[in-house]
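Engineer: Here the protein sequences come in this chain order: A and B.
Each step along the first sequence adds one to the number in our numbering, with nothing skipped, and position 96 is 96.
Each step along the second sequence adds one to the number in our numbering, with nothing skipped, and position 119 is 119.
There may be inaccurate statements among the hints.
[Stated by the list, open to error] Covered stretches of chain A (chain B as the covering partner; in silico rule of three or more C-beta atoms under 8 Å from a C-beta of chain B):
| # | stretch |
| --- | --- |
| 1 | 37-51 |
| 2 | 74-87 |
[Stated by the list, open to error] Chain B is faced by these chain A residues, among others (derived, beta-carbon under 8 Å):
| # | residue |
| --- | --- |
| 3 | Met2 |
| 4 | Phe63 |
| 5 | Val65 |
| 6 | Ala67 |
| 7 | Pro92 |
| 8 | Met95 |
| 9 | Gln96 |
| 10 | Ile97 |
| 11 | Leu98 |
Read the hints as simulated data drawn from the structure, not as lab findings.
For clarity, every value in this text was computed on a predicted model and none was experimentally measured.
Just so it is clear, CB atoms sit at the ideal spot from N, CA and C, and this is done for glycine as well.
As a plain string of letters, each chain reads:
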Amino acid sequence: MMPLNYYLILSAVVFAIGVLGVLIRRNLIVVLMSVELMLNAVNLTFIAFSRYLGSMVGQVAVFFVMAVAAAEAVVGLAIIISVFRQRQSLDPQDMQILKW
Amino acid sequence: MDLATLIFFVLAGLLIISSLLVVFLRDVVHCALALVAALLIIAIFFVSLHAPMVGILQIMVYAGAVMVLFLFVIMFLNPTVLERPRALWWSAAGILVLLLGGLLVPLFFNNEPPGDPVASTELFGSPEMLAKSLFGDFVLPFEIASVLLLVAIVGAVVLAKRERSAP
Chain A
1 MMPLNYYLIL SAVVFAIGVL GVLIRRNLIV VLMSVELMLN AVNLTFIAFS RYLGSMVGQV
61 AVFFVMAVAA AEAVVGLAII ISVFRQRQSL DPQDMQILKW
Chain B
1 MDLATLIFFV LAGLLIISSL LVVFLRDVVH CALALVAALL IIAIFFVSLH APMVGILQIM
61 VYAGAVMVLF LFVIMFLNPT VLERPRALWW SAAGILVLLL GGLLVPLFFN NEPPGDPVAS
121 TELFGSPEML AKSLFGDFVL PFEIASVLLL VAIVGAVVLA KRERSAP
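This is chain A alone, in the form it adopts within the complex (with noise of 0.2 Å):
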């Protein structure tokens, strides 16, 4: 049986690379795809302490986590395309009608 610190490190390392790709795309659609990624690195940490603590609240979580996930990737599929309807781009650079 695996130590829980390679769990740990491994979803750590799955983490920082799904944002570096939420930092450094400049296409929604990949942006959305890291955040996923992320999740997912969570998620892994939650099934790993739930095994080594003997504890099912983890898995728990996790279905949560997931039903949480699939109501973001709807709402912000659906953002996507009414923002590309709008203005014919996928650049979040392109998105500052807000900005000051």
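Mind docking chain B on chain A? Use the hints.
Structural biologist: This is chain B only, laid out in the frame that chain A set:
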């Protein structure tokens, strides 16, 4: 090094490679395929950590429903414009992420974590156990999640509906 350790490291390497591909591939469809690969590998980790129900849900909900939604939007919008790379921004973001990773990784060496997993019974992680906690202790958050999903459906329909110009 026994077989379980070897399999863990192979899967971990594949997970990191596919996550990097999600971030660094140019074509959006290729990014989506790499994300599917990463989600499937995470599902394998779930199953190996005695969470088979959550692993199946991961494959059905994420690799199934959410990724189909992503691919539909990609096909619908057809984003062919290539991104312009910005060297300064990339290096700044890279340094920031390295700092974040450097902060996160040593945290896990600080305390004495539970090295040995609790001896689990046969039932641990089974759908029965998950359902018992979900509909016992967590029944109120479960109902709130259902309301949240309903709100998300209605919101997505309203947002994506094409606005009719006044007749």
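Engineer: For every hint, state whether the structure bears it out.
Structural biologist: Tested hints:
1. 37-51: That given contact holds, which follows from 8 residues of the stretch 37-51 of chain A lying within Cβ reach (below 8 Å) of chain B.
2. 74-87: holds (count 10)
3. Met2: holds (5 Å)
4. Phe63: holds (7 Å)
5. Val65: violated (10 Å)
6. Ala67: holds (4 Å)
7. Pro92: violated (11 Å)
8. Met95: Status violated, d = 15 Å.
9. Gln96: Status violated, d = 16 Å.
10. Ile97: violated (16 Å)
11. Leu98: violated (17 Å)
Hint check: violations occur at hints 5, 7, 8, 9, 10 and 11; the rest are consistent with the structure.
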